Every structure is written in structure tokens, then in C-alpha cells.
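Peer 1: Residue numbers (this note's numbering), protein chains in the order written: chain A, 58 to 436; chain B, 443 to 706.
Simulated from the structure, these hints should not be mistaken for lab results.
Source: prediction; values computed, not measured.
Warning: the hint list may mix true and false statements.
Claimed, not checked - Selected chain B positions facing chain A (in silico; Cβ < 8 angstroms): (1) SER521; (2) ARG522; (3) PHE538; (4) ASP551; (5) VAL563; (6) MET568; (7) CYS572; (8) VAL582; (9) HIS585; (10) ILE589.
Ideal Cβ placement from N, Cα and C applies to all residues, glycine included.
Residue strings, one per chain:
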Amino acid sequence: MDLSQWIAPFEKVTGDYYAYAREAAERGRKVAGYMCSYAPQELLYAAGYLPVRILGRIGETNRADELLQAFSCSFARSVLDSALEGEWPFLSLVMFSHTCDTMQNVADLWRAHTPGTEVLIVSVPSRTDSEAAVRYYTAELERIRKALEKQCGPIPDEKINEALSLYREHREAMRELYGLHAANPGRLTGAQMMHVNLAAFLMDRAEHLEGVRNLIAAFNAAGAQEPDGRPRVFVAGSMCRHTAFIEFMEAAGCRVVGDDLCVGSRSYAFADADGDTPLEAIARAYLARTPCPAFHHSTRQPGDALVEAVRRDKAQGVIFLLTSFCDPAAFDHVPMTQALEKAGIPALTLSVEQHREPPEQLRTRVAAFVEMLQGSATP
Amino acid sequence: MSGDRLYAGVDVGSATAKAVWINSAGETLGSSVIPSGGNLADAATRCLRLAAERAGCAPDAAACIVATGYGRERVPERSRAVTEITCHARGARALFSEARCVIDIGGQDSKAIALDDQGRVLRFEMNDKCAAGTGRFLEVMAHLLEIDLDDLSRRALAGTSPVAISSTCTVFAESEVISHLAQNQPVDDIVAGLCRSIASRVYGLVSRARLTPPAIMTGGVARNQGVVKAMEALLGSPIHVPESPQTVGAYGAALIARDDNASS
Numbered sequence: 058m059d060l061s062q063w064i065a066p067f068e069k070v071t072g073d074y075y076a077y078a079r080e081a082a083e084r085g086r087k088v089a090g091y092m093c094s095y096a097p098q099e100l101l102y103a104a105g106y107l108p109v110r111i112l113g114r115i116g117e118t119n120r121a122d123e124l125l126q127a128f129s130c131s132f133a134r135s136v137l138d139s140a141l142e143g144e145w146p147f148l149s150l151v152m153f154s155h156t157c158d159t160m161q162n163v164a165d166l167w168r169a170h171t172p173g174t175e176v177l178i179v180s181v182p183s184r185t186d187s188e189a190a191v192r193y194y195t196a197e198l199e200r201i202r203k204a205l206e207k208q209c210g211p212i213p214d215e216k217i218n219e220a221l222s223l224y225r226e227h228r229e230a231m232r233e234l235y236g237l238h239a240a241n242p243g244r245l246t247g248a249q250m251m252h253v254n255l256a257a258f259l260m261d262r263a264e265h266l267e268g269v270r271n272l273i274a275a276f277n278a279a280g281a282q283e284p285d286g287r288p289r290v291f292v293a294g295s296m297c298r299h300t301a302f303i304e305f306m307e308a309a310g311c312r313v314v315g316d317d318l319c320v321g322s323r324s325y326a327f328a329d330a331d332g333d334t335p336l337e338a339i340a341r342a343y344l345a346r347t348p349c350p351a352f353h354h355s356t357r358q359p360g361d362a363l364v365e366a367v368r369r370d371k372a373q374g375v376i377f378l379l380t381s382f383c384d385p386a387a388f389d390h391v392p393m394t395q396a397l398e399k400a401g402i403p404a405l406t407l408s409v410e411q412h413r414e415p416p417e418q419l420r421t422r423v424a425a426f427v428e429m430l431q432g433s434a435t436p
Numbered sequence: 443m444s445g446d447r448l449y450a451g452v453d454v455g456s457a458t459a460k461a462v463w464i465n466s467a468g469e470t471l472g473s474s475v476i477p478s479g480g481n482l483a484d485a486a487t488r489c490l491r492l493a494a495e496r497a498g499c500a501p502d503a504a505a506c507i508v509a510t511g512y513g514r515e516r517v518p519e520r521s522r523a524v525t526e527i528t529c530h531a532r533g534a535r536a537l538f539s540e541a542r543c544v545i546d547i548g549g550q551d552s553k554a555i556a557l558d559d560q561g562r563v564l565r566f567e568m569n570d571k572c573a574a575g576t577g578r579f580l581e582v583m584a585h586l587l588e589i590d591l592d593d594l595s596r597r598a599l600a601g602t603s604p605v606a607i608s609s610t611c612t613v614f615a616e617s618e619v620i621s622h623l624a625q626n627q628p629v630d631d632i633v634a635g636l637c638r639s640i641a642s643r644v645y646g647l648v649s650r651a652r653l654t655p656p657a658i659m660t661g662g663v664a665r666n667q668g669v670v671k672a673m674e675a676l677l678g679s680p681i682h683v684p685e686s687p688q689t690v691g692a693y694g695a696a697l698i699a700r701d702d703n704a705s706s
């Protein structure tokens, strides 16, 4: 059974990156842009905003290149370039998280070069596993709440609780979809899964949830998919704005069965938490996540969760989509590859520019990696 | 050749296209190397035909043809395309059964491939997108120094005190060579320095892929003894260079064609 008709609503949204948000703004809804999955989307949603994740544009970044050094990552360049090109005129505010110095500076440049748009910076504690971190992040969320209330009026606790429930249900649905995909690779392509993921950052969460539930129902109705023997590959890294990266991997003959991307499963791999206030609940839930490379946990090693996820999805190899010049990701990449090697899981690292088409030589590397996995499968 | 099945491999690289015809025993019957030029499909066809002619067989006599190299998807005659990593590993191991690693320096790419005890690919690294540490680097320098590419090898070995070339970028290295010329350094020493520079650049890939000897070197640059000697010094171990290092990928592709045919 072909599931394309259930994917079509997501592809329609990702096909024109700005249309959904622009139309919402035209209907009178406030739209808030955010950069990072540690920005409190529930709070934005509770305040009545349509939260939209800004992932930059595919194409040249000439305007941003005038302002950023050559060693800034392609994500920062493309995000800033989209602002400088005036592609977000309908945003009421933009929310940055303090993930790295580059993005901190992009926030300042955004403020300086797009007058009229409010720029908020959320300071997420970089060490995540302490009560002090919870207190700090809760206080930070209080500050953000007050800043939002200036723009949109009071945000009652019950609205925040409603948003928390909706986002929790959405995470559960996405985890279920990921589970179905890993168990039946080929029913959906990895690129189709990426369209579902990217659409989640653009659409109203309730509408996206409905689409995901329809997709899950169709998936279940379709029954089990016979495995086709293609090597099962897991994609690690952070960004993947351009689905071409997943498409060219699968064109090389593998199945992308799972991911540890910040635009993918990492956004859904955490549970709700209790707190004395809804904001503390947000803080506790976010800080209990497996930290992304910009944040740290004192005992959990980068790589442990990755090995676990690769084994869960029964992947034979891992491809890293490492954004060139992303220092935090490069630091974590070392223990991650060591953990994979210790676990006997082959890995390939591709250093990529997020906003460009994958160059030909990367295709050769991925195809050779897939051939290597096929070779290791034969006795 | 009565009744014996024939197989061919064609490796369409950035600089040259290579073709090898083999029999079912894996013996090379004929091979050819021609410039790739602007039309990769045409180069592949001409190259396969020339090798067939040299093998003394009809151009359509192959039971199976495997294409490799960056133009692999453009080869009209292919039964399938296999990457040059796998083909070089296959060909290298067949020519040198002890090999545990392959160092391939081609026109545009260099590769370091680690093999397991069965000859399967264990890990590999490829150069980044620029021409540093590739055959193209030597071509640019040979042109600048007005030395025939095939003569570089002899000149490098004649160099007694290689000059230091510190730029990895081909364009910057070119200006470095010009300064050495301006300082009246002997050309042989400059050539030796250039070979050393390529070897040390590729040695970065060798270290990253954690290669261990015995090593075999393939690709057109392996014909240059200056580079081979410099690489041996870095590796601290002798390197096996096959008789025709340029056609190892095509030979590996032909062997894979034979394996495919046997298993189908």
C-alpha cells in the first residue's frame, strides 16, 4: 500500500517553506520564529503564536557572507541570509537559544539588521543535570513569559498546561511513527520521514498531530513490509534542512531507518516532567533530554544514547551529517565515533554545507559505504 | 579463447578512462588508458573498444561489464556501477594478496582504504574537494616546470635535497614553486619537494583511516617513484606498486563483473 497520499500534506508545507506561516499571519495569527529545539515552543504556543523553526534557506548566502566570518557554519549563514533577504516579514518575534557563540552573534546581527522584529535570547544552562540548572532555566522561562506577555497579554497557566499536553501527545505520536518506520523500512522513504519532521517545525502542532495520526493509521492498515535486504543505515548529526541528503543516501542503495538529528527524532525522544509550576515542568522536561552537542550532562557520555538508538533500530551502519565548522558537534563527534567503533558499528562521516546540494564526491563515499555494509553482510 | 567467458571493467576517472578485459581465470587479456575528455560515455566506449582490440576479442564479447570511477553512471555498456573504493580494493587484493591497505592517488581523488584479513573494505577516507594531494597537483606543477609528466619520476629521484613546499593548496604551492625558481633552486630538488608534499598530504588520509602495512599503491600517481619513495618513508614500510597501477580499479571492476556473472 502506497502511503504517499498521507505524506502529501506534509510535502505541500515543506515545498514552500514560508507559505504556511505567511498565510497564518495573513489570517491574523502572530508568528514566532525560533532556531533551536531548546526554545520553549510550548510557551510560544500557549501565548497564541504559531511557532516556526527557522532552518535557513537552500542556496547562496551572499548577504550573510558580508557579515559573517568564513568559519561560521552553513546553518548560521543560511539563517542570517534568510533574514537579510527579508524572507520573514511576518514574524512578530524571533527566539534564539544560546547554543554557541556563532548563533549568539547571529541573534545580534538579526536585531541590528531587521529593525522592528523583537529578538529574544533564551539562555539554556549548558550543564543540564543539576537542581541549579532547573532553577536557572525556570527563572529564564519566567523572564521569557513576561517578555511575551508584553506583546500578547497574559498567558494563563492552564493554557501552558494545554500546550504541554498537546506537545507530549505529538512526541508520542512521532515516536510511534519512527517505530513503525524502523520496523517496516521502505514503506516510507527516509526522505518522506524527513518531510514529516520538517513540516512539524512549520505547522500548527495540533494540525501536524492530526496528519501524523492519519499516517500512523494508514501505516497500520498497510500491514508489515517485507524486508528487501538493503543495508539499514542510521543518520546522526544535527541539522538536515535539505532532504536531498537523505535522498542521495537511499539512492546509493540503503534504507535510512532512524536518525539522531536535532531536526528529527531528538526532538521527540523525551517525556513530560512534573514541576511545581508549568514552567518548571518545561524546564525539567527539556533538561532531562539527552543533551545535544551544545549542552552537557555530567555522567552521560555523548555516544551512549546513539549506540542504544542504533541497536534499537537494528541499523548496520551510521552516517554522520556533520555541519562544517560546527565546533560543538565536532567535539561530540569524537566520543560518538569511538563509542560506535567499540560497539562494532561502522560509521561514515560527511562534512557538509547544509544549504547546498550534496556534491558528487559525497555520493561516491556513501555508495562505497553501502557497498562496504553489503560486503560485511556476506559470509 | 574458445568458449571461455570474457569480462570487462571500465574505470572512468576525472583525468583518464581505463578499461581491462579478463578471462574467467582473471587473467588480463588487454587494457587501455585514454583521456576522459568532456564526453564520459564516449570515452568509456572508446576505451572499452581499444582494450577489446588489444585483447583480440569482439567489443561486444563481454558476458558482463562493471563500471567504476566518477563517470561510472555514464557508461552505456555497464551491467552495473560499483564505486572505485570497492573496485580498487578488489583489484589490489587480487594483485597483491598480502595487502591490508590500498593507497590510491588518482587525478582528482586520493583514497586510503583499510582491508580486513579477507580483503574486504574495513574503513576508508577520501580527500576533500580540493586538488591538493592528487594527480592534478602534479600535472599543474609539471606544466609550470615544463617537464613531461612521465619524466617527473626520474627528476624527483635525482633531487638530492628536496625543497620544502608548505602550502597544501595547489594554487599557493604553484607560487611557492615560482619563488624557489626565482631563488635558483635546482629543478630536481623542487620536483622532489613536490612529491614529498603530495605524499605528506595523502599521509593525512592514511593516518585517519589508520592504515597498516602491507600496503599497495594504485592510481596514476603510483607511477611516480618520487611519491612512492616519500610515502614509504612516511609509512616506514615498503609499498607494493603493481605493474600497471592506473588500471587496478578497472581490473577490480572486471573481477567483480566475473563474480556477478558466476553468482547470477
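Peer 1: All the hints need checking, so say for each whether the structure fits it.
Peer 2: Structure-based check of each hint:
Of the supplied interface hints, the one on SER521(B) is violated, with its beta-carbon coming no nearer than about 15 angstroms to a beta-carbon of chain A, more than 8 angstroms. Nearest Cβ of chain A to the Cβ of ARG522(B): about 11 angstroms, over the 8 angstroms cut. The hint is violated. Hint status for PHE538(B): violated, given a least beta-carbon distance of 19 angstroms to chain A, over 8 angstroms. For ASP551(B), the shortest C-beta to C-beta distance to chain A is roughly 7 angstroms, which falls under 8 angstroms, so the interface hint holds.
For VAL563(B), the suggested interface contact is upheld, since its CB lies about 5 angstroms from the closest CB of chain A, less than 8 angstroms. Checking MET568(B) against chain A: minimum C-beta separation of about 6 angstroms stays under 8 angstroms; hint holds. Hint on CYS572(B) is violated. Least Cβ distance to chain A is approximately 11 angstroms, over the 8 angstroms limit. For the restraint placing VAL582(B) at the interface with chain A, the shortest Cβ-Cβ distance is roughly 19 angstroms, beyond the 8 angstroms limit, so the hint is violated.
A least Cβ separation of about 24 angstroms between HIS585(B) and chain A goes past the 8 angstroms threshold, and the interface hint is therefore violated. With a least beta-carbon distance of about 29 angstroms to chain A, the hint placing ILE589(B) at the interface is violated under the 8 angstroms criterion.
The structure fails hints 1, 2, 3, 7, 8, 9, 10 (numbered hints given earlier, in ascending order).
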